[in-house]
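S.K.: We have chain B; now place chain S onto it with these hints.
There are 2 protein chains.
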Amino acid sequence: MELSFLAYLRGRCRSLPSIHLGIGDDAAAIIPTEKLQLSCTDQIIDGVDFLSAEHSLRDAGYKSVAINISDIAAMGGVPKAALVTLTLPLEDSTKIAGEVYEGILEACTKYGITIAGGDISTYEGPLAINVCLLGEVAENKIWRRSGANENDAIMLTGAVGGSILGRHLRPEPKVALAQKLQTLVDVTAAIDISDGLSLDLDRLCAASGVGAELDTDQIPVHPDAARLAESSGRSAFQHAWSDGEDFELLLTMNQHDADHLTQQRPELGLTQIGKTVGRTGLWRKYDRKVERLPPQGYMHQGKHEQTSD
Amino acid sequence: MELSFLAYLRGRCRSLPSIHLGIGDDAAAIIPTEKLQLSCTDQIIDGVDFLSAEHSLRDAGYKSVAINISDIAAMGGVPKAALVTLTLPLEDSTKIAGEVYEGILEACTKYGITIAGGDISTYEGPLAINVCLLGEVAENKIWRRSGANENDAIMLTGAVGGSILGRHLRPEPKVALAQKLQTLVDVTAAIDISDGLSLDLDRLCAASGVGAELDTDQIPVHPDAARLAESSGRSAFQHAWSDGEDFELLLTMNQHDADHLTQQRPELGLTQIGKTVGRTGLWRKYDRKVERLPPQGYMHQGKHEQTSD
Numbered sequence: 004m005e006l007s008f009l010a011y012l013r014g015r016c017r018s019l020p021s022i023h024l025g026i027g028d029d030a031a032a033i034i035p036t037e038k039l040q041l042s043c044t045d046q047i048i049d050g051v052d053f054l055s056a057e058h059s060l061r062d063a064g065y066k067s068v069a070i071n072i073s074d075i076a077a078m079g080g081v082p083k084a085a086l087v088t089l090t091l092p093l094e095d096s097t098k099i100a101g102e103v104y105e106g107i108l109e110a111c112t113k114y115g116i117t118i119a120g121g122d123i124s125t126y127e128g129p130l131a132i133n134v135c136l137l138g139e140v141a142e143n144k145i146w147r148r149s150g151a152n153e154n155d156a157i158m159l160t161g162a163v164g165g166s167i168l169g170r171h172l173r174p175e176p177k178v179a180l181a182q183k184l185q186t187l188v189d190v191t192a193a194i195d196i197s198d199g200l201s202l203d204l205d206r207l208c209a210a211s212g213v214g215a216e217l218d219t220d221q222i223p224v225h226p227d228a229a230r231l232a233e234s235s236g237r238s239a240f241q242h243a244w245s246d247g248e249d250f251e252l253l254l255t256m257n258q259h260d261a262d263h264l265t266q267q268r269p270e271l272g273l274t275q276i277g278k279t280v281g282r283t284g285l286w287r288k289y290d291r292k293v294e295r296l297p298p299q300g301y302m303h304q305g306k307h308e309q310t311s312d
Numbered sequence: 004m005e006l007s008f009l010a011y012l013r014g015r016c017r018s019l020p021s022i023h024l025g026i027g028d029d030a031a032a033i034i035p036t037e038k039l040q041l042s043c044t045d046q047i048i049d050g051v052d053f054l055s056a057e058h059s060l061r062d063a064g065y066k067s068v069a070i071n072i073s074d075i076a077a078m079g080g081v082p083k084a085a086l087v088t089l090t091l092p093l094e095d096s097t098k099i100a101g102e103v104y105e106g107i108l109e110a111c112t113k114y115g116i117t118i119a120g121g122d123i124s125t126y127e128g129p130l131a132i133n134v135c136l137l138g139e140v141a142e143n144k145i146w147r148r149s150g151a152n153e154n155d156a157i158m159l160t161g162a163v164g165g166s167i168l169g170r171h172l173r174p175e176p177k178v179a180l181a182q183k184l185q186t187l188v189d190v191t192a193a194i195d196i197s198d199g200l201s202l203d204l205d206r207l208c209a210a211s212g213v214g215a216e217l218d219t220d221q222i223p224v225h226p227d228a229a230r231l232a233e234s235s236g237r238s239a240f241q242h243a244w245s246d247g248e249d250f251e252l253l254l255t256m257n258q259h260d261a262d263h264l265t266q267q268r269p270e271l272g273l274t275q276i277g278k279t280v281g282r283t284g285l286w287r288k289y290d291r292k293v294e295r296l297p298p299q300g301y302m303h304q305g306k307h308e309q310t311s312d
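Heads up: the protein sequence lines correspond to chains B and S, in order.
Add 3 to a position in the first sequence, counting from 1, and you land on the number used in my numbering.
Add 3 to a position in the second sequence, counting from 1, and you land on the number used in my numbering.
Everything hinted at is true.
Same chains, same names: a pair is fine if it fits in one copy or spans any two.
Subject to a maximum C-alpha distance of 25 Å in a straight line, what follows is the list of computed SDA-like cross-link-like pairs (lysine to any residue):
1. Lys278 x Val188
2. Lys288 x Gly212
3. Lys98 x Glu127
4. Lys38 x Glu142
5. Lys278 x Arg291
6. Lys144 x Thr265
7. Lys98 x Gly50
8. Lys98 x Val51
9. Lys38 x Gly115
10. Lys38 x Ala141
These are computed hints drawn from the structure, not numbers from a lab.
It should be emphasised that the depicted structure is a prediction, and the values quoted were computed from it without experimental measurement.
Chain B with its partners taken away, still in its complex shape (with noise of 0.2 Å):
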């Protein structure tokens, strides 16, 4: 690595929303608000989470932030700072480092988010990104995943499945869209949709104790799922239903929210899926009946989030 690409960064994160001491010390200071912090880190690597052969660089970088903005959009907070670690090949390190920043400084920009400070190492292996991102939210408007009520109404922020024919590089998490909705609603619990509609509803419910009955048939199904349905060999709605990294979010509120939302503010892309149902598990209504539906999607490897049961 290069220490003339170092001071390029520097250079580059001037622009960045400023906190109280940036990239330079031993350790980031952020000046506190009244808010509570959130704190949130993942990691993608080429070889597993992308291909650097078919993806270009920039869009990993780029995924790298949004998929840690969306969790704290799934918290209903707001993102500040990122620290970000590179782990490069030895060969090109400083190119693809520089690539991957480009990415990087995109959605930082975007989302009004400062690099507080990283690491950057090279090694006999595959380039890793990993990027802890820092935000906050007002004590009283934090989204957990365990706050759903029974006979609360389930929405979703918009068309989901078929993501990997291209979305899945630049998703766009809810941050706007969730802030907006902290000032309409009450939201009872939320999740981001990382690993599949179905996946990710199941650990909602889980967290919550309660179970879902779900109008399937209003579950927006995104074109690229049937796209992609012409060639997979399985249906849209399969697809919709297990596909990862749509990053949509997934919320539960009181029945009377729900409608004013759907009827009153159509412009915000909110469905009602179904709602909250006291028996545990995913249901459907069909024909006057019931009948359980597997949860089915990406088993993300080791996310911490995961040991939620």
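M.R.: Chain S alone, transformed into the frame defined by chain B:
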């Protein structure tokens, strides 16, 4: 990675200090204080920063946390919460994760740190352990690298050199000592010695816009430096001057405060090794003359702090 490991991990983390919301949601939430929020990150990689063939994985886990604690201590702060990302070889990944986490939990328990979250992946590459550490410090008590004044005393918290003989695996970051010093004196600048006494002193001086005139006979040379000199072909002083990973603190303060510490509080173990001067560079007093000493040490590949100049 077996889900049972994540369940085990969540159980083990229960005994650590609690935060508002820990592992198990999209992000962790920490209750705010009126203090500055500190954050830093540092990664160690098998084959680059340690050797799993020679060092225990528990030690590697311990070290990954301790080196970050040292950065928080160097800001005059106290560590609070860690986000841990493990990147594991495909083979024996669960066993490796367990051993690494024993050391991580040991360090977190010892220094009162909670594990707020993390990520675990497996891949075709060497073990990498990334820790992002959050801490805090009162706004008027933060120690920067850039605060040293001309004619400040330069103080060292312990003996240096030869850490490669074993101490580098079990660093004891000076958090408690830093907190004690916060009550006794006004530290004007601080840095921890990770890359070598002379290199890190040079960084502090550069950030503060001063130089250093050293009484090199006063530099406490660790017995390990003398032991290492028996076989290395270099002198014990050279090891003290340029070996890294001592994780002692270099501090500057006015001469009055320095005298108070050395004369009234010898039990704290601080040694004055020189003073800051107006002309930049590191200098040694020598027979009424001064000679320039070139900084030497381990050039870390890319920790962002090195973008300071």
